[in-house]
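S.K.: Protein sequence lines correspond, in order, to chains H and W.
Quick note on numbering: the first sequence equals residues 1 to 1058 in the numbering used here.
Quick note on numbering: the second sequence equals residues 1 to 486 in the numbering used here.
Simulated from the structure, these hints should not be mistaken for lab results.
Please note that a few of the clues may not be correct.
As the list claims (entries may be wrong) - As a list, the in silico DSSO-like pairs of lysine-lysine whose alpha-carbon atoms are at most 30 Å apart:
no.	chain 1	residue 1	chain 2	residue 2
1	H	Lys-573	H	Lys-271
2	H	Lys-523	H	Lys-709
3	W	Lys-336	H	Lys-626
4	H	Lys-582	H	Lys-271
5	W	Lys-336	H	Lys-766
6	W	Lys-310	H	Lys-779
7	H	Lys-779	H	Lys-549
8	W	Lys-336	H	Lys-783
9	H	Lys-626	H	Lys-673
10	H	Lys-347	H	Lys-766
11	W	Lys-43	H	Lys-654
12	W	Lys-336	H	Lys-1016
These figures come from a predicted structure and were not determined experimentally.
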Amino acid sequence: MREPSRCRIRHRASGIINVMTKSKLTSDLDAVRAQLHNARGPQLWRSLDQMADTPAFRDLVEREFPQGASELNDPVSRRSFLKLMGASLALAGISGCTYMPREKITPFINQPLGRVPGVPLYYASSVLLNGFATGVLVRSNDGRPTKIEPNPQHPGSAGGTDLFVQAEILTMYDPDRSTEVQNQGATSTWDAFTGALAGALQAQSATGGAGLRLLTTTVTSPTLASQISQLQTQYPQARWYQYDPINRDNVYEGARRAFGEDVTTRYDLSKAQVVLSLDADFLSPGPGFAAYARAFADGRRVRKDTGEMNRLYVVEASPSSTGATADHRLPLQAGRVAGFAQALAAKLKLPGVSAGAEQPGEAATKFLTALAEDLEAHKGRSLVIAGDQQPPIVHALAHAINAELGNVGSTVIYTDPVEARPTNQTNEIASLANEIEAGTVQVLVMIGGNPAYNAPGDLRFAERLAAKVPFSVHLSLFNDETSSGATWHVPAAHSLESWSDARAYDGTAGVIQPLIQPLFGGKTSHEVLAALLGQPNVDPLTIVQGYWKGKVSGDFVAAWQNILSNGLIDGTKAAVRTPTLKEEGLAGSIPAPGALELVFRPDPSIWDGSYANNGWLMELPRPLTKLVWDNAALMSPRTAITLLKLPFSVDQLKGGSIESQHYLEQISAINGKVVRLAYNGGSIDLPIWLLPGHAENSITVNLGYGRRKAGNVGNDIGVDAYAIRTSGAPWFGTIDSVSDTGTTYLLVSTQDHWTMEGRDIYRVGKFEEFKADPEYIQKEIHKEEFGSEHHQFETLLPAPDYAGRNAWGMTFNLSACVGCNACVIACQAENNIPVIGKEQVSVGREMQWLRIDRYFAGDDLDNPDTYLMPIACMQCERAPCELVCPVAATAHDIEGLNNMVYNRCVGTKYCSNNCPYKVRRFNFLQYTDISTATLKLARNPQVTVRNRGVMEKCSYCVQRISAARIEAKKTAVAAGTEVYTIGDDAIITACEAACPTQAITFGDTNNTASRVASWKSEPHNYSLLQELNTIPRTTYLARIRNPFEALSAADTVKKQEG
Amino acid sequence: MAQAQPIRTTSQPDTGETYLLSGETYTSISSVIGDVPLTAPLKTPRGWFLGFGVAFALLMVFLVSVSWLFIRGVGIWGINIPVGWGMDIINFVWWIGIGHAGTLISAILLLLNQGWRNSINRFAEAMTLFAVACAGQYPILHLGRPWLAYWLFPYPNTHGMWPNFRSPLDWDVFAISTYATVSLLFWLVGLIPDFATLRDRASNPLVKRIYGFAAVGWRGSARHWHRYEMASLLLAGISTPLVVSVHSIISLDFAVAQVPGWQVTVFPPYFVAGAVFAGFAMVLLLMIPVRSFYGFQSYITIRHLDVMAKVMLATGMLVVYGYFMEVFASLYSSSKYEQYLLYNRLSGPSAWAYYGLLFCNAVAIQPLWFRRVRQNIPALLIISAIVSVGMWLERYVIIVISLQRDFLPSSWDIYIPTIWDWSLYLGTFGLFFTLTFLFIRVLPMINIFEIRMLLHQETERAHRNAARGHDHGHDHDHAHSPTAAD
């Protein structure tokens, strides 16, 4: 990303060439490629000089407008010619150029009645995570996709997205993406590949494909599945394997155990009053996340007249967003969750279940008793969710408990499997590895995925792939670990560049349509499959349309149009099933928990490692640890004290006294101490990061790091935990030993401080008390701080007056926020926020305009309350920043927005010093990459790109406000009036749009009918640091928790604030 | 006013103290002081070359540091969010403070008729100028886009923009530029009679021409002297409020903000006292070596040092009072942010700086109560050095420690200066000492004509003392009458 002139020059050179007629120049092109191949640094410069000497190249350069110059005289194609020239200048050498796709695609919102330049269009599409679709609307600015918004009609989105969806834009424009077909590391072509493939398949057709293996990631695409079944018809002996390192094996194994058949379990959280998560992080990205989070948050966003509120119990080892949201959280080793589930089932008197030998501790027993009581009190309106990484028995028990509580059909819905072929993926990758070892795999086709990196370490997949497969191909966005081990690599088209389809978590099929032709000439999975089927050059649109042609009713052309504009295909939701519970599935012994366990978790920011080269995600503070650019051995202070025999006791760290502050500061110093974790025969060295609330005797490590061939951003970041992950215990297991290596490593986090120091920052209240007196939270705080329940803040200044104008404001609902970070990435994408690298973050210069603060509160370091609080510019009415800027670069506008005028800023940083919320961000160096061509394309043209020396901050997406205002004025003028009104839904800020829980509301506070005004009128609405009289436009809705009386009685000692 | 009060011609109240050693004549004064700049280049003392070489090398450090700063941006420093100001502003305030002694000596002591100032004021004024030159770099260099620094000045422009007159940073622009201008004028005007002396004494025609040019036709006529006295008086009058205003305004950079630890109303007087305190420490630190190197013990006597030490002690105690007020304010404020600030200073991660400052500025100056210490040159050197460090720490405590931990604990961070922070600081020493060495080489570093006048007064006093042996009563009246006339 911030590398090398090498790439740039190379692109530039080949850019000129690519404009040329292919037939004429193919030989020259090859010559150029041959010359430049393997040239690095000074060598490359010499090669370029030599190349420039060839007559062909001179000829090429001298023809100023190589191809299409004649088009200038043709009025119809002149436009596309100009577009082409602009694109090739900007792209500087991306092969393929940026013609709009030749196929007809349909805008979702704005009809293309003469595209208006500068006015963005939105297209419906889908973005995948682990094969499951989130429906999106992609914004296209003059042919460039620049921002992804949720598609509210799509069930996988429900009006929100996760952070990975938001970050896809950057992945698409990633300059490190693979640009060419490679054979054994040498440049080749698609035609050469299909030729070679045809040859290899010829040998296979004799044996019916006995040596042909197809490895994909989880497939939900109906088209791809049908192509695969065609392949299996053509080669009956061929086998299709699927592997994703973050898979749902346990979910299906558990369903099979409980019901004896493959069913998909779906939850309806809108009906759930009491939810128990058994180590299930359903409020973090995964299949159905956006829909689940939305439905769950709907039951938590309380107002003063709300009658009831849902309640969440979480039992988990590794602290998660879900745990932070919980009303009651029980930290428990991952290995003990099964025992807990069994004990709960026994408590609920499930037939055939008896509590195991393992005795839960005192806290767990209390928790269990209350939980059972609460669940029984909410029959049919409760829900038990088992975590994907928990063994099948836990899932089976959860199914049984849900059935016992009468939740099936209400909060739990069983359907036909959504995946094209549900399977135990860990077993599949193990079988494939064994087959490779046995030498039976002659042709291995890998569509996506990165098994050479992320297969369990004990399978030695990379080694076997490179040594034992004579013909292998990997279709991938990047020339990654697997690509370099395969004999062929084919660059993949990004989902924003390709035609495809995919299913949402509920089975609804959605279409994926391209916004741009493949930047780097990538191929879709459908094209590779077609090549396998002997049709090497079929257009992917034809393939996708071909599949759906027979499946939709009515006129296909009209139906297709409809599908494209909606982004989904009606009537494809998975059919509901009513499987019968088999009691014998609940029996079975539960493995004894280990003394000290290691838990593998997907990384909250880079997932399984496939996002490792995405700078936005790499630099995104992880929700609870606030770490960036690294993974670590996460453990609780208590575990660290025991393991490292530190001279503290956890009790010393309690109480918030000055001594305990000292101890806290001292114990924090062990962050970064590198320990060696020996696990199942392997070992990795990882730095420690203390995480209060982590289960005792349990260490979590996030997967996805230690990439060797991810790209310039992701290479050699963190430690590869797949190396010690085994196919036998992919999620957790007993650690053999932990030893101190005596070294330390710099871990960088954006927030080092744990507590709020007793300040009134994050307000929390209890639902029961809130119902009794909706103002009680404010009263209590005012009483404590100022001695009177109704404290009035006094000022000599006149009250600001915006009568007759729009007065923009925002609320963050702390009850709804789950800290998923989608808003942070959405903001980064919308506002062209640069990535600055670990070293710059380590000195405290992170650039995200919107951050999510994390505080631990309460006296119990083993299980503190975790508070997540989004903070962006508060748009203060009396902004301290404005007063002190000597050049008036930050100033109020007539609508009361606190604007930052980049052009006027000279960079004194005084405004930041005087900002009590510290939301201003400064370009200490030239952070924005203004030289990499593809990254320029990714930027939002409506937002200024900031250079060195300029302060920046959240603007409330002022570009969106302006756009809406212009529209409103146009409408008003057309209607012959001078008064314009901007509707409440006309402006959705980037963070608000992305938020899956609708925790963010933006609008006109002067309009009493607006959503934001109604939230601001709630009694639990408060201003952060109100006593400073800054009068922020952004306010918070205090978090309302709904603790269960029986448990909270024991909990009352926990303070509301740190 | 038709007739200015000729302040220097009135005989001063006789304090009974002597500032000049006996045996000096008008000629000896002119030659001892005046010959330093008139020395032929090749006869420059080796020690000067050595000192100048070191200073010049440091100046090159400055240039390297600034070049790299311009190439990369302020990110080469250790500043961050929340600590947006680090050594840039610390050093700015520190250097400005250093300069205050010069202004105080030249303006206020002139108006107060403190004759003892005459032998040190030139040097102190030069120090003021050079310190302001060093300080003046920082507000420009610390900008993210230093090439736009002129936007801080109110000038007619096509942007249609005035600077923001509400911002203390803009007040700084006026305060510092006025201060620099007036100091320079005062210094140059004061040099005119001495330029004439050098012109008259120079033998090299080129040197004669240069000093003659600088002397702007000074002939020493009564009319010249009259105008000169008038100009000095006016400039002294203009300078006097500047002594107070400059550092008061700089203190408002902090006091106007709402950062806990900055928002303190005692800042303006406390900063002024601190500035004079630091300035006198620096004058002592520089003058003691120069005095012994050039053999100026006759002009800068031990009594001068003693008086400067007294001023240092007095202003130091004012500063200590400021520290008490800060503590009192944070305890009395009932603001948890202010109270946390105190806790953080006393036991936070940078507590060493606060204890260091208390030691340097409050404890280390206590020996100055004793005359023996005030007149002991090594002791004065050590104490002055400690005070200079202490005043640097004071700015560190105010700026950095306050910013490190403000309102929201989530944004707390620490500040670690980088090599570029230090090299720029070191580099400004290069600038300062390069200018200082050039000054002592080419200009009379002690005011020749004022020393002559002092000699005249001394001589008169000697006469009076002789007369007093005959008539005590008369002397008594005589000693008081000028005071009464004032």
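S.K.: I'd like to know which numbered hints this structure contradicts. Please list them from smallest to largest.
M.R.: The structure conflicts with hints 6, 7, 11, although it agrees with all the remaining ones.
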